[in-house]
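Chains A and B, in that order, give the protein sequences.
To convert a position in the first sequence, counted from 1, into the working numbering, add 22.
To convert a position in the second sequence, counted from 1, into the working numbering, add 22.
Please keep in mind that the hints were generated in silico from the structure rather than gathered at the bench.
Here a beta-carbon is modelled for each residue, glycine too, at the ideal position from N, C-alpha and C.
Careful, some of the hints might be misleading.
As the list claims (entries may be wrong) - Once the Cα atoms are required to be at most 25 Å apart in a straight line, the calculated SDA-like pairs of lysine to any residue come out as:
no.	chain 1	residue 1	chain 2	residue 2
1	A	Lys-45	B	Ser-176
2	B	Lys-345	A	Asn-27
3	A	Lys-144	B	Lys-345
4	A	Lys-144	B	Gly-56
5	A	Lys-24	B	Lys-144
6	A	Lys-25	A	Ala-78
7	A	Lys-279	B	Glu-52
Stated by the list, open to error - Only some residues are given here: those of chain A computed to face chain B with a beta carbon under 8 Å:
no.	residue
8	Leu-43
9	Ser-50
10	Pro-160
11	Gly-171
12	Arg-173
13	Val-314
14	Gly-315
15	Pro-316
16	Gln-327
17	Gly-335
18	Asp-339
19	Arg-342
20	His-344
Number of protein chains: 2
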Amino acid sequence: MKKLNIAIAGLGTVGCGTYQLLKDNAASIEESIGTSIHVVAVSARDRDKPRPIDLAGVRFVEDTLALADLPDVDVVVELIGGIEGVAKNLCEKALSNGKSVVTANKAMLAHHGVALGALAEKNDVSLSFEAAACGGIPIIKTMREAMVGNRILSVQGIMNGTCNYILTRMARDHLEFADVLAQAQALGYAEADPTADVDGFDTAHKLCILTALSFGVKPTMASVSIEGIRRISSVDLAYAAELGYRLKLLGVAKLHKDGIEQRVSPCLVPLSSTLASVDEVLNAVQLQGDAVGPLNLIGRGAGAQATASAVVGDLIDLARGHKVNPWIRPSSSLTDFTPLPLEGRIGRWYLRLQVTDKAGVLADIAAILRDNAISIESLLQRGKQDGTGVPVIIVTHQTNEAKLRAALAQMAVLDTVWEEPLCLRIEQE
Amino acid sequence: MKKLNIAIAGLGTVGCGTYQLLKDNAASIEESIGTSIHVVAVSARDRDKPRPIDLAGVRFVEDTLALADLPDVDVVVELIGGIEGVAKNLCEKALSNGKSVVTANKAMLAHHGVALGALAEKNDVSLSFEAAACGGIPIIKTMREAMVGNRILSVQGIMNGTCNYILTRMARDHLEFADVLAQAQALGYAEADPTADVDGFDTAHKLCILTALSFGVKPTMASVSIEGIRRISSVDLAYAAELGYRLKLLGVAKLHKDGIEQRVSPCLVPLSSTLASVDEVLNAVQLQGDAVGPLNLIGRGAGAQATASAVVGDLIDLARGHKVNPWIRPSSSLTDFTPLPLEGRIGRWYLRLQVTDKAGVLADIAAILRDNAISIESLLQRGKQDGTGVPVIIVTHQTNEAKLRAALAQMAVLDTVWEEPLCLRIEQE
Numbered sequence: 023m024k025k026l027n028i029a030i031a032g033l034g035t036v037g038c039g040t041y042q043l044l045k046d047n048a049a050s051i052e053e054s055i056g057t058s059i060h061v062v063a064v065s066a067r068d069r070d071k072p073r074p075i076d077l078a079g080v081r082f083v084e085d086t087l088a089l090a091d092l093p094d095v096d097v098v099v100e101l102i103g104g105i106e107g108v109a110k111n112l113c114e115k116a117l118s119n120g121k122s123v124v125t126a127n128k129a130m131l132a133h134h135g136v137a138l139g140a141l142a143e144k145n146d147v148s149l150s151f152e153a154a155a156c157g158g159i160p161i162i163k164t165m166r167e168a169m170v171g172n173r174i175l176s177v178q179g180i181m182n183g184t185c186n187y188i189l190t191r192m193a194r195d196h197l198e199f200a201d202v203l204a205q206a207q208a209l210g211y212a213e214a215d216p217t218a219d220v221d222g223f224d225t226a227h228k229l230c231i232l233t234a235l236s237f238g239v240k241p242t243m244a245s246v247s248i249e250g251i252r253r254i255s256s257v258d259l260a261y262a263a264e265l266g267y268r269l270k271l272l273g274v275a276k277l278h279k280d281g282i283e284q285r286v287s288p289c290l291v292p293l294s295s296t297l298a299s300v301d302e303v304l305n306a307v308q309l310q311g312d313a314v315g316p317l318n319l320i321g322r323g324a325g326a327q328a329t330a331s332a333v334v335g336d337l338i339d340l341a342r343g344h345k346v347n348p349w350i351r352p353s354s355s356l357t358d359f360t361p362l363p364l365e366g367r368i369g370r371w372y373l374r375l376q377v378t379d380k381a382g383v384l385a386d387i388a389a390i391l392r393d394n395a396i397s398i399e400s401l402l403q404r405g406k407q408d409g410t411g412v413p414v415i416i417v418t419h420q421t422n423e424a425k426l427r428a429a430l431a432q433m434a435v436l437d438t439v440w441e442e443p444l445c446l447r448i449e450q451e
Numbered sequence: 023m024k025k026l027n028i029a030i031a032g033l034g035t036v037g038c039g040t041y042q043l044l045k046d047n048a049a050s051i052e053e054s055i056g057t058s059i060h061v062v063a064v065s066a067r068d069r070d071k072p073r074p075i076d077l078a079g080v081r082f083v084e085d086t087l088a089l090a091d092l093p094d095v096d097v098v099v100e101l102i103g104g105i106e107g108v109a110k111n112l113c114e115k116a117l118s119n120g121k122s123v124v125t126a127n128k129a130m131l132a133h134h135g136v137a138l139g140a141l142a143e144k145n146d147v148s149l150s151f152e153a154a155a156c157g158g159i160p161i162i163k164t165m166r167e168a169m170v171g172n173r174i175l176s177v178q179g180i181m182n183g184t185c186n187y188i189l190t191r192m193a194r195d196h197l198e199f200a201d202v203l204a205q206a207q208a209l210g211y212a213e214a215d216p217t218a219d220v221d222g223f224d225t226a227h228k229l230c231i232l233t234a235l236s237f238g239v240k241p242t243m244a245s246v247s248i249e250g251i252r253r254i255s256s257v258d259l260a261y262a263a264e265l266g267y268r269l270k271l272l273g274v275a276k277l278h279k280d281g282i283e284q285r286v287s288p289c290l291v292p293l294s295s296t297l298a299s300v301d302e303v304l305n306a307v308q309l310q311g312d313a314v315g316p317l318n319l320i321g322r323g324a325g326a327q328a329t330a331s332a333v334v335g336d337l338i339d340l341a342r343g344h345k346v347n348p349w350i351r352p353s354s355s356l357t358d359f360t361p362l363p364l365e366g367r368i369g370r371w372y373l374r375l376q377v378t379d380k381a382g383v384l385a386d387i388a389a390i391l392r393d394n395a396i397s398i399e400s401l402l403q404r405g406k407q408d409g410t411g412v413p414v415i416i417v418t419h420q421t422n423e424a425k426l427r428a429a430l431a432q433m434a435v436l437d438t439v440w441e442e443p444l445c446l447r448i449e450q451e
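Please build the complete structure, drawing on both the sequences and the hints.
Below, the structure written as structure tokens:
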């Protein structure tokens with residue numbers, strides 16, 4: 023039987039999951055592809071750390087970069103992480119040495135994906151990264167292979183399981199962000215430093231990768247407008263439900279006539295939409311192709327086993343001798359782009375203002391909206407709260423964002439409006 | 023630039039859609055894969071039928087089977103349809119002549135898939151059929167490639183757009199089956215002879231293909247328990263909604279310890295489930311993998327463009343030189359199987375009985391359920407209808423199907439029960 027020899031760099035959750043999955047399902051993989059996949063070497067920062075896998079008989083290499091020099095290694099699997107440093111050096115060295123690379127490193131790809139792609143093409147090897155965007159969901163394969171006959175018009179979705187878990191729990195259990203975050207950290211669903219997840223950067227990394235694959239542009243973190251979920255309160259989830267919506271952190275990239283819109287922000291989606299049904303740690307990606315129409319892929323975006331499934335999927339392609347350009351088109355043909363300013367975007371909005379509960383406040387706010395030609399679809403104000411003002415919820419009709427921003431600036435100077443209004447886009451209608 | 027020369031047999035909706043898509047997106051396809059895809063010959067029953075495509079300059083071959091003999095053709099695309107006849111003869115001849123085949127013919131694959139797969143393997147060519155299961159949804163690629171590292175535990179979904187359209191319209195507009203079917207036929211969403219769709223055979227063909235890919239068994243139509251949607255009434259959709267469900271025609275195949283469960287039937291799914299959000303002509307397929315967990319793919323299951331997207335996806339794989347066994351494992355290793363009898367299945371049920379509106383009827387029915395150890399979760403009876411009896415709706419707790427069938431047999435002999443009760447499985451909880 024033919025053999026594919028691999029080295030795994032990084033033995034964290036995904037590294038161990040990959041090792042174990044290759045072992046558990048070795049027989050069925052071999053029967054299916056006629057090639058056996060062997061882990062011939064591994065490397066990790068701490069050799070002696072307790073791990074849930076049995077590494078007996080596997081070569082442990084102290085110097086991680088040395089994996090790229092082993093003559094019996096065909097593929098280096100990079101599961102270390104980090105934009106720069108060992109991960110990037112290892113990938114560069116492996117590709118330069120004519121070894122294919124499989125990586126789950128979305129941050130590295132969002133920042134250095136073009137150069138790494140070009141290096142892979144120059145050396146006629148593969149750079150595979152199914153595990154870098156939405157874990158077990160085969161979105162990269164779908165875009166690089168199944169959808170190549172389509173022009174992609176948009177890509178969007180729920181790309182961060184931690185945020186989706188937090189928003190799901192806040193909605194279901196009427197809890198506040200900080201409380202659910204603390205619970206999620208205790209359960210291991212959120213990192214000790216949650217910034218990458220809850221502030222939207224992880225979603226932005228994935229969105230950069232999907233934008234590049236969709237539109238033939240360079241992945242460009244600097245071009246993503248990013249807003250996280252820290253300002254969401256349980257009242258927003260309750261009001262959203264009352265108005266017929268769910269609240270989700272979305273990454274969105276759309277091709278317009280005059281350019282590409284690209285953003286990460288919490289949005290309202292209708293209760294009856296597919297995205298509204300995507301709860302807990304699940305991810306969802308929605309493509310719109312000119313031929314296929316709408317296509318939704320939903321599955322686990324993280325976790326040892328789901329991510330390992332993606333890594334092993336890439337290895338199976340390599341074992342079968344399948345090769346695809348990392349970014350579909352040749353890396354040298356990817357273009358720079360400046361995203362469209364969001365000011366021109368037309369859409370509906372959910373606004374939450376915290377205001378003093380006295381006569382005339384609503385009249386002032388309504389007048390500002392009217393003066394900016396923004397019409398109100400619904401307005402909710404309820405109850406009285408001690409000392410912190412009362413929330414006013416407004417859903418607008420379609421407006422462009424420039425008008426909305428102008429109205430918000432005028433509201434901000436009212437001394438009856440207590441804090442910066444929360445503004446959420448309404449999507450998917 | 024490298025070339026892939028193809029011949030298209032059958033110029034109906036999908037044939038014309040494929041021809042047009044290859045033409046419209048030729049430049050971006052060539053840039054992505056470095057190979058141009060040329061239609062060098064076509065064949066159809068009626069050469070002069072008006073078609074929405076410009077065939078000027080394309081060789082028209084009167085004898086369809088002759089396409090398989092053309093020396094300059096690399097791939098034959100079979101879009102004729104039919105279990106036997108020209109379609110099958112053409113595929114056999116092309117494969118025997120060392121040409122790869124791309125087909126959308128689910129009925130042929132469900133009946134002759136193993137033999138055709140073996141023939142492709144023997145001649146070292148490909149048999150690709152992404153378009154044969156759920157149109158534009160890349161479920162075949164996902165199973166044959168991305169999920170090969172997983173053991174698949176179940177596959178199920180909404181696999182027929184015509185039925186889903188009918189059920190969606192019945193629910194939304196409170197219409198009866200026959201009325202919506204007539205409208206769907208007028209709109210071209212349903213065939214003049216709707217049997218293949220509404221009686222579940224089309225779903226069963228697709229399910230056979232997906233069962234084979236999931237579990238390494240031979241596609242076996244005879245093993246599918248099939249029930250269509252003709253008996254569904256608008257009252258069922260209304261009651262389902264009231265109880266918190268949507269009604270969908272599902273194909274289901276599950277691996278159990280003692281065998282494979284395989285069936286097509288209308289089922290209730292919870293309103294909050296992803297399947298409940300899949301409306302109109304959309305299809306959905308849900309896989310459960312041992313590593314990836316649940317994976318949902320949702321998109322257009324039919325239509326010229328979506329199906330063409332799948333055909334072109336297969337052609338792109340061939341142009342890239344990618345080759346995969348038709349059924350993942352070698353066709354010779356696919357095993358026969360006898361599906362598990364449904365009698366042993368445990369689950370909840372929705373029952374609708376049409377009964378005489380008089381004292382004691384409900385007591386009789388409740389006694390029969392009790393005597394068969396089936397407990398009732400909810401029971402609805404409302405209003406009085408002239409001459410046709412009144413509907414009684416029962417939702418059961420978990421029971422095995424043998425007990426339910428026994429209870430139904432006892433109810434059937436009551437002269438207060440007017441017709442065979444409608445029984446729908448409740449899924450996805």
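The hints, checked one at a time:
For the suggested pair Lys-45 (chain A) and Ser-176 (chain B), the alpha carbons sit about 22 Å apart, so the restraint of at most 25 Å is met. The straight-line distance between the Cα atoms of Lys-345 (chain B) and Asn-27 (chain A) is roughly 21 Å, inside the 25 Å bound, and the hint therefore holds. Note on Lys-144 (chain A) and Lys-345 (chain B): the hinted pairing holds, with a Cα-Cα distance of about 24 Å set against a maximum of 25 Å. A C-alpha spacing of about 15 Å is found between Lys-144 (chain A) and Gly-56 (chain B), which places the hinted pair at or below 25 Å, so the restraint holds.
Proximity of Lys-24 (chain A) to Lys-144 (chain B) is assessed by CA-CA distance (about 19 Å); at most 25 Å being required, the pair is judged to hold. Using a Cα cut-off of 25 Å, the hinted pair Lys-25 (chain A) and Ala-78 (chain A) holds, with the two alpha carbons roughly 20 Å apart. Distance restraint check for Lys-279 (chain A) and Glu-52 (chain B): the Cα-Cα separation of roughly 23 Å lies within the 25 Å cut-off, and the hinted pair is therefore satisfied. For Leu-43 (chain A), the interface hint holds, the least distance from its beta-carbon to any beta-carbon of chain B being 5 Å, beneath 8 Å.
The beta carbon of Ser-50 (chain A) is positioned within 8 Å of a beta carbon in chain B (closest approach about 6 Å), and the interface hint is therefore held. Satisfaction of the interface hint for Pro-160 (chain A) is found here, the shortest Cβ-Cβ separation to chain B being roughly 4 Å, below the 8 Å cut-off. Interface hint status for Gly-171 (chain A): upheld, as the beta-carbon distance to the closest one in chain B is roughly 3 Å, under 8 Å. A least Cβ separation of about 6 Å between Arg-173 (chain A) and chain B falls short of the 8 Å threshold, and the interface hint therefore holds.
Taken as an interface hint, Val-314 (chain A) checks out: its beta carbon lies about 4 Å from the nearest beta carbon of chain B, inside 8 Å. At its closest, the beta carbon of Gly-315 (chain A) sits 5 Å from a beta carbon of chain B; the interface hint therefore holds under the 8 Å criterion. Using the Cβ-Cβ criterion of 8 Å, the hint placing Pro-316 (chain A) at the interface with chain B is satisfied: the shortest such distance is roughly 6 Å. For Gln-327 (chain A), the interface hint holds, the least distance from its beta-carbon to any beta-carbon of chain B being 4 Å, beneath 8 Å.
Annotation: interface hint on Gly-335 (chain A) holds; nearest CB of chain B at approximately 4 Å, less than 8 Å. A hinted interface residue such as Asp-339 (chain A) counts as satisfied when its beta carbon comes closer than 8 Å to some beta carbon of chain B; here the least separation is about 7 Å, so the hint holds. With a least beta-carbon distance of about 7 Å to chain B, the hint placing Arg-342 (chain A) at the interface is held under the 8 Å criterion. Hint status for His-344 (chain A) relative to chain B: holds, with the closest Cβ pair at about 5 Å, below 8 Å.
Hint compliance for this structure: no hint is broken.
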